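Enquirer: These are the residues of each chain, in order.
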Amino acid sequence: DAGITQSPRHKVTETGTPVTLRCHQTENHRYMYWYRQDPGHGLRLIHYSYGVKDTDKGEVSDGYSVSRSKTEDFLLTLESATSSQTSVYFCAISESKLSHSYYGYTFGSGTRLTVV
Amino acid sequence: AQRVTQPEKLLSVFKGAPVELKCNYSYSGSPELFWYVQYSRQRLQLLLRHISRESIKGFTADLNKGETSFHLKKPFAQEEDSAMYYCALKVDSNYQLIWGAGTKLIIKP
Numbered sequence: 199d200a201g202i203t204q205s206p207r208h209k210v211t212e213t214g215t216p217v218t219l220r221c222h223q224t225e226n227h228r229y230m231y232w233y234r235q236d237p238g239h240g241l242r243l244i245h246y247s248y249g250v251k252d253t254d255k256g257e258v259s260d261g262y263s264v265s266r267s268k269t270e271d272f273l274l275t276l277e278s279a280t281s282s283q284t285s286v287y288f289c290a291i292s293e294s295k296l297s298h299s300y301y302g303y304t305f306g307s308g309t310r311l312t313v314v
Numbered sequence: 034a035q036r037v038t039q040p041e042k043l044l045s046v047f048k049g050a051p052v053e054l055k056c057n058y059s060y061s062g063s064p065e066l067f068w069y070v071q072y073s074r075q076r077l078q079l080l081l082r083h084i085s086r087e088s089i090k091g092f093t094a095d096l097n098k099g100e101t102s103f104h105l106k107k108p109f110a111q112e113e114d115s116a117m118y119y120c121a122l123k124v125d126s127n128y129q130l131i132w133g134a135g136t137k138l139i140i141k142p
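From first to last, the protein sequence lines stand for chains A and B.
Numbering-wise (this note's numbering), the first sequence opens with residue 199 and increments by one.
Numbering-wise (this note's numbering), the second sequence opens with residue 34 and increments by one.
If you're looking for bench data, these hints aren't it; they were derived computationally from the structure.
Misleading hints may appear alongside valid ones.
Claimed, not checked - With a Cα cut of at most 25 Å, we get these calculated SDA-like pairs of lysine to any residue:
1) B/K55 with B/P108
2) A/K209 with B/R76
3) B/K42 with A/V286
4) A/K255 with B/Y58
5) B/K55 with B/A34
6) B/K141 with B/E53
7) B/K55 with A/P237
8) B/K137 with A/T284
9) B/K90 with A/S307
10) A/K251 with B/Q129
11) B/K42 with A/G238
12) A/K209 with B/M117
13) B/K137 with A/T312
14) A/K251 with B/V124
15) B/K90 with B/M117
16) B/K141 with A/P237
17) A/K209 with A/G261
18) B/K42 with A/R242
All values reported here derive from a predicted model rather than from experimental measurement.
Using the sequences plus the hints, can you model the full thing?
Expert: As structure tokens, this is what we get:
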């Protein structure tokens, strides 16, 4: 068990509907990240969190919001899903700047989201 | 601008041949670079970090500040090396990583 789980694993939703993806960690790590993975783009940061209720935008944050009310949970919400948000979404965690240098991020298994 | 470039989307080599996956970066500060790997149906995982100068699964990567490169190398490829490889740059200002677009490595039998 890698200590980080994402739910759901797969979701199909209709354009215009709100969608919430969940990232749950059992490692008590301070930093949490949401990425999207698309062919030809690699991973792009959507939002990240550096503590409870402390979040900031990444490079592709438009159309997304996040919340972190507890250390263990980081929620990503697509406010009104569009077809361009069809992607694979990954959550990652990191304990600290120093540990990241030595141990890197720990990633979740991903959520495959299809917006039709 | 901070940027990571992996020029090859796809690299296909025969088993036993040498492999080199290219990574170039653009960053004005002191870089920390990583290679991550994603095997089929598995989660992304850290493969190498430049600060530890280690060899993992036969792979090595040397940071060349003059050429701003961090190429991943393996002298003899194995079929189980087939995967998606990502180069990533950690910037000093926060805890984010800047990612390359990835290279899909296929090892032919």
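Enquirer: Now, for every hint given, state plainly whether the structure supports it.
Expert: Now for the hints, and whether the structure bears them out:
With a C-alpha separation of about 14 Å, the suggested pairing of B/K55 with B/P108 holds against the 25 Å cut-off. This hinted pair checks out: A/K209 and B/R76 have alpha carbons roughly 18 Å apart, not beyond 25 Å. For a cut-off of 25 Å, the pair hint linking B/K42 to A/V286 stands: about 18 Å separates their Cα positions. Simply put, A/K255 and B/Y58 have alpha-carbon atoms about 23 Å apart, close enough for the 25 Å limit, and the pair holds.
Annotation: proposed proximity of B/K55 to B/A34 holds, straight-line Cα distance about 19 Å (limit 25 Å). Note on B/K141 and B/E53: the hinted pairing holds, with a Cα-Cα distance of about 15 Å set against a maximum of 25 Å. A threshold of 25 Å between alpha carbons decides the hint, and for B/K55 with A/P237 the separation of about 18 Å falls inside it, so the pair holds. As the CA atoms of B/K137 and A/T284 are separated by approximately 21 Å, the hinted pair is consistent with the 25 Å bound.
Straight-line distance between C-alpha atoms of B/K90 and A/S307 comes to about 22 Å, which keeps the hinted pair within the 25 Å bound. Taken as a hint, the A/K251 and B/Q129 pair is honoured in the structure, with Cα atoms around 18 Å apart against an allowance of 25 Å. Between B/K42 and A/G238, the direct Cα distance comes to roughly 8 Å. Compliance with the 25 Å bound is thereby established for this hinted pair. Between the alpha carbons of A/K209 and B/M117 the distance comes to roughly 23 Å, so the proposed pair stays at or under 25 Å and holds.
Note on B/K137 and A/T312: the hinted pairing holds, with a Cα-Cα distance of about 23 Å set against a maximum of 25 Å. Restraint check: the Cα-Cα separation between A/K251 and B/V124 comes to about 23 Å, which is no more than 25 Å; the hinted pair holds. Proposed proximity of B/K90 and B/M117 is supported: the alpha carbons are some 15 Å apart, at most 25 Å. Restraint check for B/K141 and A/P237: satisfied, since their Cα atoms lie roughly 22 Å apart, inside the 25 Å limit.
At roughly 18 Å between alpha-carbon atoms, A/K209 and A/G261 fall within 25 Å of each other, so this suggested pair holds. For a cut-off of 25 Å, the pair hint linking B/K42 to A/R242 stands: about 17 Å separates their Cα positions.
Going down the numbered hints, you'll see the structure goes against none, and every one checks out.
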